[in-house]
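Heads up: the sequence lines are chains C and D, in that order.
So in the numbering used here the end of the first sequence lands on 543, straight run, no missing numbers.
So in the numbering used here the end of the second sequence lands on 543, straight run, no missing numbers.
It is possible that part of the hints are untrue.
Identical chains share a label here; the pair holds if one copy fits it or two copies do between them.
As the list claims (entries may be wrong) - With a cut-off of at most 20 Å between alpha-carbon atoms, the simulated SDA-like pairs for lysine to any residue come out as follows: (1) K539 to A315; (2) K366 to K376; (3) K366 to A442; (4) K390 to L489; (5) K503 to D429; (6) K276 to D298; (7) K389 to D478; (8) K539 to T314; (9) K228 to L541; (10) K366 to A378; (11) K235 to A260; (12) K503 to V404; (13) K503 to P336; (14) K464 to D407; (15) K389 to Q406; (16) K503 to E452; (17) K390 to Q406.
By construction, these hints were calculated from the structure, which means they are not laboratory data.
Please read all numbers here as calculations on a predicted model, not as lab measurements.
These are the residues of each chain, in order.
Protein chains: 2
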Amino acid sequence: MNTQQTYHVAVVGATGAVGEKMLETLSKRSFPIGKLTLLSSKRSAGKTLVYNNETYEVQEATPESFAGVDIALFSAGGSVSKKLAPEAVKHGAIVIDNTSAFRMDTEVPLVVPEVNPEDLTAHKGIIANPNCSTIQMVAALKPIKERYGLSRVIVSTYQAVSGAGTEAIEEMKQQSRDLLDGKAAEPKILPVGGDKKHYQIAFNAIPQIDVFQDNGYTFEEMKMINETKKILHDEDLSVSATCVRLPVASGHAESVYIETEATDVTAEEIKALLQTAEGVTLQDDPSTQTYPMPALAEGKDDVFVGRVRKDPDVANGIHLWVVSDNLLKGAALNSVQIAERMIEMKLLNS
Amino acid sequence: MNTQQTYHVAVVGATGAVGEKMLETLSKRSFPIGKLTLLSSKRSAGKTLVYNNETYEVQEATPESFAGVDIALFSAGGSVSKKLAPEAVKHGAIVIDNTSAFRMDTEVPLVVPEVNPEDLTAHKGIIANPNCSTIQMVAALKPIKERYGLSRVIVSTYQAVSGAGTEAIEEMKQQSRDLLDGKAAEPKILPVGGDKKHYQIAFNAIPQIDVFQDNGYTFEEMKMINETKKILHDEDLSVSATCVRLPVASGHAESVYIETEATDVTAEEIKALLQTAEGVTLQDDPSTQTYPMPALAEGKDDVFVGRVRKDPDVANGIHLWVVSDNLLKGAALNSVQIAERMIEMKLLNS
Chain C
194 MNTQQTYHVA VVGATGAVGE KMLETLSKRS FPIGKLTLLS SKRSAGKTLV
244 YNNETYEVQE ATPESFAGVD IALFSAGGSV SKKLAPEAVK HGAIVIDNTS
294 AFRMDTEVPL VVPEVNPEDL TAHKGIIANP NCSTIQMVAA LKPIKERYGL
344 SRVIVSTYQA VSGAGTEAIE EMKQQSRDLL DGKAAEPKIL PVGGDKKHYQ
394 IAFNAIPQID VFQDNGYTFE EMKMINETKK ILHDEDLSVS ATCVRLPVAS
444 GHAESVYIET EATDVTAEEI KALLQTAEGV TLQDDPSTQT YPMPALAEGK
494 DDVFVGRVRK DPDVANGIHL WVVSDNLLKG AALNSVQIAE RMIEMKLLNS
Chain D
194 MNTQQTYHVA VVGATGAVGE KMLETLSKRS FPIGKLTLLS SKRSAGKTLV
244 YNNETYEVQE ATPESFAGVD IALFSAGGSV SKKLAPEAVK HGAIVIDNTS
294 AFRMDTEVPL VVPEVNPEDL TAHKGIIANP NCSTIQMVAA LKPIKERYGL
344 SRVIVSTYQA VSGAGTEAIE EMKQQSRDLL DGKAAEPKIL PVGGDKKHYQ
394 IAFNAIPQID VFQDNGYTFE EMKMINETKK ILHDEDLSVS ATCVRLPVAS
444 GHAESVYIET EATDVTAEEI KALLQTAEGV TLQDDPSTQT YPMPALAEGK
494 DDVFVGRVRK DPDVANGIHL WVVSDNLLKG AALNSVQIAE RMIEMKLLNS
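All chains, full assembly: derive it from the sequences and hints.
If you want it as structure tokens, here you go:
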């Protein structure tokens with residue numbers, strides 16, 4: 194007799210880059226789905242998608258779409274979440290939102306299950322999935338903060354184009370082909386679809402992800418700064434960030450510089466700690482040129498850490514190189530893991 | 194009547210990526226060449242190159258090649274410099290060496306003409322051209338150090354493949370074509386030609402440039418650390434670095450985090466200072482998405498700086514994004530500028 198509880202799951206933004214990975218992840222992890230509802234914008238409604246050998250027609254997301262839904266995984270942009278997530282909650286669904294719409298809302302838990310699962314208990318219907326570049330960084334930093342204290346983070350990112358959607362991947366490929374053929378690149382989307390100017394991403398690096406804020410930082414940089422403090426429950430932690438887009442399809446890399454409170458930590462101690470950290474895989478052996486890279490991380494679940502070493506001049510300064518698949522742990526996987534953790538913690542109504 | 198002094202110039206490594214740029218730069222700047230000798234390894238000897246519409250046959254570099262040479266520009270690898278630079282000096286030539294062979298030799302000036310031209314006066318025949326990634330960084334840091342003091346530098350680089358030679362550019366292009374065509378990439382050179390393992394550079398980022406040292410840093414990282422202190426004459430300056438290779442042909446970018454001694458500097462003051470700095474072009478206006486990028490810097494002489502902003506949490510912390518053509522200011526141009534400066538300073542025998 195199978196007594197496993199199953200859930201009615203809705204995926205909002207099912208036809209997007211993250212939506213596709215949500216479905217793959219739910220299937221791969223055998224998430225207990227009783228009923229599956231695939232939702233999208235009006236434009237993509239009517240498309241069909243296959244899940245576990247069954248074909249589903251994607252429906253336009255409306256407030257009524259959430260009747261009977263237990264878990265709604267949102268990844269269709271901030272404006273859709275702002276409009277429809279409260280409607281889903283009214284219908285009794287738990288919303289796990291992958292956009293920035295509610296992340297800094299003090300009423301909304303912002304959760305990486307390996308880092309701050311306890312925050313889930315305070316939810317009021319919506320749980321926010323952090324920004325991709327934040328998730329992988331805090332996964333590596335949490336065990337270090339717990340053991341040695343953490344006073345400072347300075348991060349420079351090396352981010353993949355898939356964070357800007359499937360069209361951005363196509364744009365990178367088309368520009369690469371054109372430039373290799375001696376033609377001009379035609380920038381149309383990156384760095385930011387809705388911004389005024391577009392720049393070549395193929396064979397280039399663009400120091401802008403998301404739009405600029407009044408303080409000269411991009412919104413992506415401010416997400417890393419603010420979300421890191423919220424997830425680690427430490428408003429006194431100094432965090433600063435520079436976010437850069439690269440011609441890489443999937444897999445964000447980060448050069449993370451930290452200062453621990455302890456001044457006598459060795460790189461070997463940090464490595465030993467990360468070797469047993471949940472969700473983290475240490476790839477660090479200079480003698481065999483072993484270190485994480487986006488091309489190796491694509492399609493994998495873990496957060497990979499390498500190049501661990503001490504600042505030669507600053508006793509509590511440590512470098513880490515952190516890589517993870519931005520569509521998986523950075524988005525779809527973390528969202529599904531939040532749902533799984535809520536089931537474990539008995540935070541979902543049965 | 195033309196009374197301009199001319200010089201017998203030898204280019205060692207004339208057929209390489211930097212050698213080619215040396216010749217372009219000498220021609221573009223109308224360097225006063227009386228006689229030009231092009232030298233290479235035995236393997237490339239016999240090739241012909243055109244300089245100012247005249248064809249030259251490249252000769253194998255031997256100790257005797259330097260008879261009568263006034264200025265020898267070396268860029269053929271450290272082992273060639275170690276063997277032949279002293280021979281050139283014996284023949285009375287001034288050697289400007291673009292390899293790492295003599296950079297940390299206390300008897301050898303390590304010079305960026307805009308930064309420490311005074312060091313040239315102490316030369317004993319050999320002047321070292323710094324590492325490409327160091328040159329562009331110190332060009333941006335020198336005016337800041339002079340005005341506001343500088344206590345700390347933490348840099349993460351985004352480096353182009355041309356720093357590893359013309360074959361590395363071809364490797365990147367071939368891998369890009371293969372991957373776009375659905376074939377596997379075949380890594381043969383990068384990250385380091387002579388190292389044990391090779392990794393895909395197309396659509397990837399490799400956190401290794403040059404070989405690993407015993408302390409876990411790569412040689413490229415240690416070059417940035419040690420050369421920056423030497424050029425800025427400041428052994429107390431804290432410097433740390435993470436160097437990463439990108440699928441970009443030419444143009445190194447750097448996310449540079451600094452701490453000034455002054456704690457009340459504004460980003461606007463730093464920008465105003467850099468706007469008038471020699472060899473530096475400020476490209477910094479978030480409202481028009483203006484910032485430096487490798488694709489914009491390729492073929493240009495200057496060091497471009499943008500994304501200037503203060504750390505939101507640390508009063509004396511400032512971010513810079515520094516981009517320059519690694520084959521020009523990072524190599525060929527700086528070498529030629531050293532020669533020009535030595536002529537101006539009357540440090541070359543007439």
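Consistency of the hints with the structure:
1. K539 to A315: within (13 Å within a copy, 75 Å between copies)
2. K366 to K376: both (13 Å within a copy, 14 Å between copies)
3. K366 to A442: both (9 Å within a copy, 16 Å between copies)
4. K390 to L489: Answer is between; shortest inter-copy Cα gap is 14 Å, intra-copy 32 Å.
5. K503 to D429: between (23 Å within a copy, 17 Å between copies)
6. K276 to D298: Within. Shortest intra-copy distance 15 Å satisfies the 20 Å Cα cut-off; inter-copy 65 Å does not.
7. K389 to D478: Between. Shortest inter-copy distance 13 Å satisfies the 20 Å Cα cut-off; intra-copy 44 Å does not.
8. K539 to T314: within (9 Å within a copy, 76 Å between copies)
9. K228 to L541: within (16 Å within a copy, 83 Å between copies)
10. K366 to A378: both (10 Å within a copy, 15 Å between copies)
11. K235 to A260: Within one copy, since 19 Å is at most 20 Å while 78 Å is not.
12. K503 to V404: between (34 Å within a copy, 18 Å between copies)
13. K503 to P336: within (17 Å within a copy, 28 Å between copies)
14. K464 to D407: Between copies only: 16 Å across, 39 Å inside.
15. K389 to Q406: within (14 Å within a copy, 45 Å between copies)
16. K503 to E452: The answer is both: 10 Å in one copy and 18 Å across copies each meet 20 Å.
17. K390 to Q406: For K390 and Q406, only the intra-copy Cα distance (16 Å) is at most 20 Å; the inter-copy one is 42 Å.
No hint from the list above goes unmet by this structure.
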